[in-house]
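Engineer: If you want the building blocks of each chain, they are given just below.
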Amino acid sequence: MSVISKAASPPGPRTRTGGSRALARREAMWGYLFISPFILGLLAFTLIPTVATFVMSFTNFNLSGAGTQFVGVSNYQRLFRDPQVWSSLLVTVRFAAIALPVGLILPFGLAVLLNSESLRAKGLFRTLFYFPYIVPFVAAIFVWGALLNSETGWINQFLRWVGVANPPNWLNSTVWIYPALVILGLWGIGNAMLIFLASLQGVPTELYDAAKIDGAGWWGQMFNVTLPMISPVIFYNLTLSLIGLFQYFTVPLVLNQGTGAPGGATMFYNLYLYKTFFTYQNMAYGATMAWLLFVIILAVTLVLFQTAKYWVYYAAETR
Amino acid sequence: MRKFLFLSLSLLLIAAMAVACGAPSAPAPSAPAAGEQPAQAEQPAVAAPAASAGRVQIRWFVGLGTGSSEDQIPAQEAVIKRFNESQDRIELVAEFVPNASARDVLATQIASGSGPDIVGPVGWGGSNAFYGQYLDLTPLIEADGYDLTQFNPALVNMYQTEEGAQAGLPFAVFPAAVFYQTEMFDEAGLNYPPQKYGDKYIMPDGSEVDWNWDTLTELAKILTVDANGADATMPEFDATKIVQYGFIFQWQTHPNYIGTYLGGANSLLAPDGRTAQIPEGWLNGWKWWHSGMWGDQPFIPTGPIIQSPEFGSGNAFSSGKIAMAVVPSWYTCCIADAGQSWDLAVMPTDASGKVNSRIDADTFRILKDTKHPEEAFEVLKFLIGEGSLDLLAVYGGMPARTDDFDEWLATKQQQFPWVTNWDAISAGLSYPDVPSAEAYVPNWSQVWDRVSALDSLMVNEKNLDLDAEAAKLQADLQAIFDAAQ
Numbered sequence: 030m031s032v033i034s035k036a037a038s039p040p041g042p043r044t045r046t047g048g049s050r051a052l053a054r055r056e057a058m059w060g061y062l063f064i065s066p067f068i069l070g071l072l073a074f075t076l077i078p079t080v081a082t083f084v085m086s087f088t089n090f091n092l093s094g095a096g097t098q099f100v101g102v103s104n105y106q107r108l109f110r111d112p113q114v115w116s117s118l119l120v121t122v123r124f125a126a127i128a129l130p131v132g133l134i135l136p137f138g139l140a141v142l143l144n145s146e147s148l149r150a151k152g153l154f155r156t157l158f159y160f161p162y163i164v165p166f167v168a169a170i171f172v173w174g175a176l177l178n179s180e181t182g183w184i185n186q187f188l189r190w191v192g193v194a195n196p197p198n199w200l201n202s203t204v205w206i207y208p209a210l211v212i213l214g215l216w217g218i219g220n221a222m223l224i225f226l227a228s229l230q231g232v233p234t235e236l237y238d239a240a241k242i243d244g245a246g247w248w249g250q251m252f253n254v255t256l257p258m259i260s261p262v263i264f265y266n267l268t269l270s271l272i273g274l275f276q277y278f279t280v281p282l283v284l285n286q287g288t289g290a291p292g293g294a295t296m297f298y299n300l301y302l303y304k305t306f307f308t309y310q311n312m313a314y315g316a317t318m319a320w321l322l323f324v325i326i327l328a329v330t331l332v333l334f335q336t337a338k339y340w341v342y343y344a345a346e347t348r
Numbered sequence: 396m397r398k399f400l401f402l403s404l405s406l407l408l409i410a411a412m413a414v415a416c417g418a419p420s421a422p423a424p425s426a427p428a429a430g431e432q433p434a435q436a437e438q439p440a441v442a443a444p445a446a447s448a449g450r451v452q453i454r455w456f457v458g459l460g461t462g463s464s465e466d467q468i469p470a471q472e473a474v475i476k477r478f479n480e481s482q483d484r485i486e487l488v489a490e491f492v493p494n495a496s497a498r499d500v501l502a503t504q505i506a507s508g509s510g511p512d513i514v515g516p517v518g519w520g521g522s523n524a525f526y527g528q529y530l531d532l533t534p535l536i537e538a539d540g541y542d543l544t545q546f547n548p549a550l551v552n553m554y555q556t557e558e559g560a561q562a563g564l565p566f567a568v569f570p571a572a573v574f575y576q577t578e579m580f581d582e583a584g585l586n587y588p589p590q591k592y593g594d595k596y597i598m599p600d601g602s603e604v605d606w607n608w609d610t611l612t613e614l615a616k617i618l619t620v621d622a623n624g625a626d627a628t629m630p631e632f633d634a635t636k637i638v639q640y641g642f643i644f645q646w647q648t649h650p651n652y653i654g655t656y657l658g659g660a661n662s663l664l665a666p667d668g669r670t671a672q673i674p675e676g677w678l679n680g681w682k683w684w685h686s687g688m689w690g691d692q693p694f695i696p697t698g699p700i701i702q703s704p705e706f707g708s709g710n711a712f713s714s715g716k717i718a719m720a721v722v723p724s725w726y727t728c729c730i731a732d733a734g735q736s737w738d739l740a741v742m743p744t745d746a747s748g749k750v751n752s753r754i755d756a757d758t759f760r761i762l763k764d765t766k767h768p769e770e771a772f773e774v775l776k777f778l779i780g781e782g783s784l785d786l787l788a789v790y791g792g793m794p795a796r797t798d799d800f801d802e803w804l805a806t807k808q809q810q811f812p813w814v815t816n817w818d819a820i821s822a823g824l825s826y827p828d829v830p831s832a833e834a835y836v837p838n839w840s841q842v843w844d845r846v847s848a849l850d851s852l853m854v855n856e857k858n859l860d861l862d863a864e865a866a867k868l869q870a871d872l873q874a875i876f877d878a879a880q
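Note that the protein sequences, when read in sequence, are chains F and Z. In this text, residue positions in the first sequence follow the numbering used here: the first is 30, and each later residue adds one. In this text, residue positions in the second sequence follow the numbering used here: the first is 396, and each later residue adds one.
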């Protein structure tokens, strides 16, 4: 009878639980190791400062040198009594009412044109429309500030040349400043246009073929095929646009040195928050304002996500 | 192979950590028309280098007031070099920050615990933005035996706080005056404005009238000319084609300044220290100014005109297209493009014959968080002492030290040899605004900004109900004062 030692005999199949658990643990460890820099950065530069501002909002911390004390909810009470807070929110909403539709419809329209089969030199047009997006934003603001000057700016000089006797006082009118800011922001539509273009090119052509067979014209195809198929991208752009609008800051800071001119019409909420922190040096109240902004943006985003199920179509979903 | 893998992974981890620490936690949004780009912070023109071995480094922050223009920096750097070479204990370094962003930059530095040691030159406005953060110099003055008798006692007292601390020492004073273009007066056949306080103005017909704001208005209208050569008093005058304006408040358009010049020194805070008020004289002054820009016979440029390149991109008098400007004497820092035919005249009176003028006063202040107060005080003594005349030459200020006045005058005469009437500046010392138009009120920065919003409305909106805006301003100021209680 030959004796086959256990050592010599090939090992039997491993049990599934023991071996795979160790493998899973090792894989998880490598995964955590790779994402650890991001986690550390998130903790150090986002989560900890977020908690710190929350704590700060219950104190009277400022730069004046007086000791920091716990003041309860008085900063939050002040928030509701501060007319500038509500005025700034109204400024932001007023601007968003114009900027949001333009910021979605215009890049989408350009993408539709660029996706047209009959357009030649698509690459050239794509480059031309995207090109302004790479111009340094602050430099662009200065350029547009000169272009929009009501007396000597090229836009008004052109308008006068074509017969407009009293062209708008773009940057100094409390009414025309918002369209002026929207015009200024048009240089940034290249990125959104590219995203829309990519989504348009992903719509299956057989759907258009089927629609044509059913007698759908251009508008019919647009509303029944194109828009539903790219609705996830529209939803993505809409969400990020809204967040960006509530955080609108750089343009009024650079264009009017953060004064809110003309007449407070560009004192956006985020700008007022910045000034509260650094110009008025009231860090605690600024922290409170930051939390209000967070709550507002969170509420808007949640509403968007809740309503998305009624109008966003994900091809992979089954109903 | 294993070593290669380990090295690659380590490098990848380090790179990933660097990226994660710099990246936002959310994916960057696309940029639709109303999208946002990361803010680009302005950097100081000169960053502080590391201290030389053995020397205490004192950081001097320039920009809260004047001093950060390109043409002013070399003279200040020369003063710094002179100080550093005169001793081996202290190394002075400067940060030149554009005025538009200086307050924000300084606030950020103080908040992060890396504030400078000395700030200046800074006037009341810049100082009030950091109220309560300056070192009490009294112990240093006493320990050093610093001689305060070299200054007018009134100027020394100006820098005492309500608590009795000496938060600054006199350095420069900038009385206001009327800057005017002699060639424009010659062309219009007008006599020049009075050179001395109390003198009358002689009209073209030889009659003598009081030199007051009504007379100035009349002259300004005659000196406002359209492209066809008609002035604002003529029926054929075309207000849409003005090529030359008669008057401007040069960088003095904040309603506090205009109210002070036209309505007299006052405050938006009532004497009870809690109630917001709009002085009637100030409101009338604002109405005069608005009417001067938007009335039927405009003689003051509006906001868009002032900002246009043709009119100096904000520095309108230096465009050579404005006949008269009211501004403190620091304006000589920035008047290079105004040509060589401007001169100085005294300020007009109000209807009652009273001169309402302004004196800006700059100094250097030591921040109370400085780690080297004694060394900072040594620097301060140099800046307001041995280095003061060189600095005043570029700041445009008169020395607070009366002994230095003659030397200052000689420098000015050399710098602007065509100007004949520097006495208009020195005589203005008798007409300070007390309280200052920039005097401290609770939540000063926020109040200043809120009143500035009225400024931007007035220079840009023709159809403005100033009474309603003043009422709104008062309500908003009351909310700001209440928040400070």
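These are computed hints drawn from the structure, not numbers from a lab. Some hints could be false.
What the hints assert, rightly or not - So the derived label-pair ranges between C-beta atoms look like this: (1) A194/F with T815/Z: 43 to 53 Å; (2) Q555/Z with L333/F: 54 to 64 Å; (3) S65/F with A448/Z: 32 to 42 Å; (4) V164/F with D466/Z: 21 to 31 Å; (5) T815/Z with L119/F: 35 to 45 Å; (6) S103/F with L543/Z: 53 to 63 Å; (7) T670/Z with S103/F: 47 to 57 Å; (8) P837/Z with V204/F: 52 to 62 Å.
On a predicted model such as this, the values are computed, not experimentally measured, just so you know. The beta carbon of each residue, even a glycine, is placed where N, CA and C say it ideally should be.
Engineer: Run every hint past the structure and note whether it holds.
Structural biologist: Hints versus structure:
no.: 1; hint: A194/F with T815/Z: 43 to 53 Å; result: holds, 45 Å
no.: 2; hint: Q555/Z with L333/F: 54 to 64 Å; result: holds, 58 Å
no.: 3; hint: S65/F with A448/Z: 32 to 42 Å; result: holds, 40 Å
no.: 4; hint: V164/F with D466/Z: 21 to 31 Å; result: holds, 30 Å
no.: 5; hint: T815/Z with L119/F: 35 to 45 Å; result: violated, 54 Å
no.: 6; hint: S103/F with L543/Z: 53 to 63 Å; result: violated, 43 Å
no.: 7; hint: T670/Z with S103/F: 47 to 57 Å; result: violated, 22 Å
no.: 8; hint: P837/Z with V204/F: 52 to 62 Å; result: violated, 34 Å
Checked against the numbered hints listed earlier, the structure breaks hints 5, 6, 7, 8; every other hint is satisfied.
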